[in-house]
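Student: Sequence:
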Amino acid sequence: MSELEFVQVGGRCKLKSEEDFTSYLKESTTKTAATRIRSLRREWQAHQRSLREKARLADFLKKHGFAEDDLDAPKFTCLGLKYTWPVLQAAREGDEQMVLLLVRCGANPLQRDIWGYTAIDYVKSPARSKIRLLYVQSRVGQGLS
Numbered sequence: 019m020s021e022l023e024f025v026q027v028g029g030r031c032k033l034k035s036e037e038d039f040t041s042y043l044k045e046s047t048t049k050t051a052a053t054r055i056r057s058l059r060r061e062w063q064a065h066q067r068s069l070r071e072k073a074r075l076a077d078f079l080k081k082h083g084f085a086e087d088d089l090d091a092p093k094f095t096c097l098g099l100k101y102t103w104p105v106l107q108a109a110r111e112g113d114e115q116m117v118l119l120l121v122r123c124g125a126n127p128l129q130r131d132i133w134g135y136t137a138i139d140y141v142k143s144p145a146r147s148k149i150r151l152l153y154v155q156s157r158v159g160q161g162l163s
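Mapped onto my numbering, the consecutive letters of the sequence shown carry residue numbers 19 to 163.
These are calculated hints, taken from the structure and not from any lab test.
Errors might be hidden in some of the hints.
In the EDC-like style, the derived pairs of lysine to aspartate or glutamate whose C-alpha atoms are separated by at most 16 Å in a straight line are [as the list claims (entries may be wrong)]:
#, residue 1, residue 2
1, 72, 87
2, 100, 71
3, 72, 88
4, 148, 113
5, 80, 90
6, 142, 111
7, 72, 86
8, 81, 131
9, 81, 111
10, 49, 86
11, 93, 45
12, 49, 87
13, 142, 114
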């Protein structure tokens, strides 16, 4: 960015050159506008990603018969003798991205099914550590440990 030069004329400071001022003003305005546009673009992309994730989550919950308002509400099956949670269903299906999405939205990956397995037990990949980390971060964020 160019520096403006001033000269003192009759007890007042004036710009040495009007052209310097217009180029300085144009340069600073352009940089500010470009930064703002980049910021707005990032916000819009994050919002669009969030909407896609919410739609994908709602489709998953509806497809498998879970309540859409509570991610930790079990669904009873087999005459009410068995039950499962959304995060366990996604893990059993091998949908690691859905498991991560459910955990990010607040589902507990430590819920156990009737055999004593958790979602982390069902996921057989490097995503296991990411699921654990997301869960721990969410618990710490809530003031729980």
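Student: Compare the structure with each hint and give your call.
Tutor: Tested hints:
Restraint check for residue 72 and residue 87: satisfied, since their Cα atoms lie roughly 12 Å apart, inside the 16 Å limit. A C-alpha spacing of about 29 Å is found between residue 100 and residue 71, which places the hinted pair above 16 Å, so the restraint is violated. For the proposed pair residue 72 and residue 88, the alpha carbon gap of about 13 Å is at most 16 Å, so the pair holds. A hinted pair counts as satisfied when its Cα atoms are at most 16 Å apart, and residue 148 with residue 113 qualifies at roughly 14 Å.
Of the pairs offered as hints, the one joining residue 80 and residue 90 holds, with about 15 Å between alpha carbons and a cut-off of 16 Å not exceeded. Taking the CA atoms of residue 142 and residue 111, the gap is near 11 Å; set against the 16 Å cutoff, the hint holds. Between residue 72 and residue 86 the alpha-carbon distance is near 11 Å, which keeps this suggested pair within the 16 Å criterion. The straight-line distance between the Cα atoms of residue 81 and residue 131 is roughly 20 Å, outside the 16 Å bound, and the hint therefore fails.
Pair hint residue 81 plus residue 111 holds up; C-alpha atoms about 13 Å apart against a cutoff of 16 Å. Taking the CA atoms of residue 49 and residue 86, the gap is near 44 Å; set against the 16 Å cutoff, the hint is violated. Of the supplied pair hints, the one linking residue 93 and residue 45 is violated, its CA atoms being roughly 60 Å apart against a limit of 16 Å. The hinted pair formed by residue 49 and residue 87 fails the criterion: a straight-line CA distance of about 44 Å is larger than 16 Å.
A hinted pair counts as satisfied when its Cα atoms are at most 16 Å apart, and residue 142 with residue 114 qualifies at roughly 9 Å.
In summary, the structure is inconsistent with hints 2, 8, 10, 11, 12 from the numbered list given earlier, while agreeing with the others.
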